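Chemist: So the chains spell out like this:
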Amino acid sequence: MTVKDLLETKKFNLENEGVNLENPIEDVYIGDLLSWVMSHANKKCAWITVQTHMNIVAVAVLLEMSCIILPEDLKPDENTAKKALEEDIPIFSTSLNAYEIACLFKDMM
Amino acid sequence: MSSIYEMDYNVGSRDFAAAGDASRSIKRTLQQIGVDTSVVRRIAIASYEAEMNIAIHSKGGKMHLAVNSDKVVVATEDFGPGIENVDLAMTEGWSTATDEIREMGFGAGMGLPNMKKCSDEFSIESSVPEGTRIKMIFKL
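The listed protein sequences correspond, in order, to chains X and Y. Residue numbering for the first sequence follows this note's numbering, starting at -5 and increasing by one per position. Residue numbering for the second sequence follows this note's numbering, starting at 5 and increasing by one per position.
Please keep in mind that the hints were generated in silico from the structure rather than gathered at the bench. Be a bit skeptical, because a hint or two may be false.
[Stated by the list, open to error] Partial selection, computed: residues in chain X whose CB lies under 7 Å from chain Y:
1) Leu27
2) Ser33
3) Gln45
4) Met48
5) Asn49
6) Ala52
7) Val55
[Unchecked claim] Derived DEER-like restraints, expressed as beta-carbon distance ranges:
8) X:Leu15 / Y:Gly84: 19 to 27 Å
9) Y:Lys121 / X:Glu20: 22 to 30 Å
10) X:Cys97 / Y:Asn72: 45 to 53 Å
11) X:Met103 / Y:Asp124: 22 to 30 Å
12) Y:Gly64 / X:Trp30: 23 to 31 Å
Every value quoted in this text rests on a predicted model; they were computed, and no experiment measured them. Cβ atoms here follow ideal geometry from the backbone N, Cα and C, with glycine treated the same way.
Okay, chain Y solo, but in the shape it has when bound (with noise of 0.2 Å):
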């Protein structure tokens, strides 16, 4: 079935200034389209997650966005350095990020955690040194 409104968005490598654009303009679309409010907000939670990741841990990436009549699909994939161990990146309070981005708030280890228990079906693949795809999928 094709989509009803689909949109890409570049995220930046460690560009903090514009990090959390898409997944404003992910929540802002969603709104337009009269999606329910608490659905909204664990897409733009999982979102948000999901961008600061590419953001802070890869070399770059996209999202895209894809809006159906029954569910709503965000999917993600960047350009490396990829996840050696994924469960392990799934435990909660596991992270790689350094002090610096610590400090910052974020590397808390719940990135990932976080995707999963918002979206009603959560799917990573990851290769060293390629890059990391996440699908999330929203029922509606």
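Pulled out of the complex, with its shape left as it was, chain X reads as follows (with noise of 0.2 Å):
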């Protein structure tokens, strides 16, 4: 599946519009320690947090992360979406929990 298949559920709102939805989804990981996420998320991952702040357009680059995805209606801080758009990560937000997010994945992979 490729990111663009998230928004066509319609469960997934995308928070920076612009950004390629080309990239092939082949995990997903739930984490919100980012040392943790680091060491042991794969690339072209979905990934899950409740975290919103800039920095983790720097995780998701850095492990050449897919998305991201937002849970239970929360938005990406405003720089953080404008970093995630110049840096061309796609942010997700939905109103979903990660266990449901988690099992709409299980349905599409």
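Put the two chains together into one complex, using the hints given.
Modeler: The structure is reproduced here in structure tokens:
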């Protein structure tokens, strides 16, 4: 599946319009401790986190993640969305919680 | 032996907007040079941890990248306040981060252990209040 497929479910809102949506999603990772995520998440993953500050973009870029998903109606900080657009990392928001997002991925992947 | 490529980066204290930029730049440089992707990943993780440690805990500092034909060296130095007990700081889960920093997802006490784990050679020297120096070597 690709990042674009998330939009087709109508359950995710893209928070940085203009970003590339063609990247494949090959894994899913859930975590909020950045050092832990840095040492465990795989590249080309969709990362589900409640962190909304700018440093999540650095983590996503360094690990070559495919997108970031903010659960439970969280929104990225304004400069986070801007930085993510510059770095071409899609950020989605959704009303689903992390478990519900993971279940959705299980059906789609 | 002289290095094929060298670069210095400044890291500001508490400058979370720019924090991560040096590591991103180091990663891109290594990719352009053609360093193996699994080695680049280890260097990126270790550099990020080092950079965030400078941003979170120090009064600011510098990172230095040197690429040789057989190794990559990432060295950091900061302007204090230094680490009182380095052995304790190397323990997984031990952290002096404030609640505010922890809420941002930092301060898990994994930074220094991650750096050691990712590098082939790791050394740290610290004195209070002068500062901390870290040297990490990654074999190619």
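Chemist: Now tell me, hint by hint, if it's right for this structure.
Modeler: Hint check results:
This hint holds: X:Leu27 has a C-beta 4 Å from the nearest C-beta of chain Y, less than the 7 Å allowed. Contact between X:Ser33 and chain Y, as hinted, is supported at the beta carbon level, the nearest pair being about 5 Å apart and thus within 7 Å. With a least beta-carbon distance of about 5 Å to chain Y, the hint placing X:Gln45 at the interface is held under the 7 Å criterion. For X:Met48, the interface hint holds, the least distance from its beta-carbon to any beta-carbon of chain Y being 6 Å, beneath 7 Å.
Look at X:Asn49: its Cβ gets to within about 6 Å of chain Y, closer than 7 Å, so that hint holds up. Interface hint status for X:Ala52: upheld, as the beta-carbon distance to the closest one in chain Y is roughly 3 Å, under 7 Å. The interface hint given for X:Val55 holds, since its Cβ lies 6 Å from the closest Cβ of chain Y, which is under the 7 Å cut-off. Taken as a hint, the range 19 to 27 Å is violated for the pair X:Leu15 and Y:Gly84, whose Cβ atoms sit roughly 45 Å apart.
Our hint of 22 to 30 Å for Y:Lys121 and X:Glu20 holds, since their Cβ atoms are close to 24 Å apart. At roughly 48 Å, the beta-carbon separation of X:Cys97 and Y:Asn72 lies within the given 45 to 53 Å, and the hint holds. Restraint check, X:Met103 to Y:Asp124: a C-beta distance of roughly 35 Å breaks the suggested window 22 to 30 Å. Distance hint check for Y:Gly64 and X:Trp30: the Cβ-Cβ separation is about 26 Å, which falls inside the suggested range of 23 to 31 Å.
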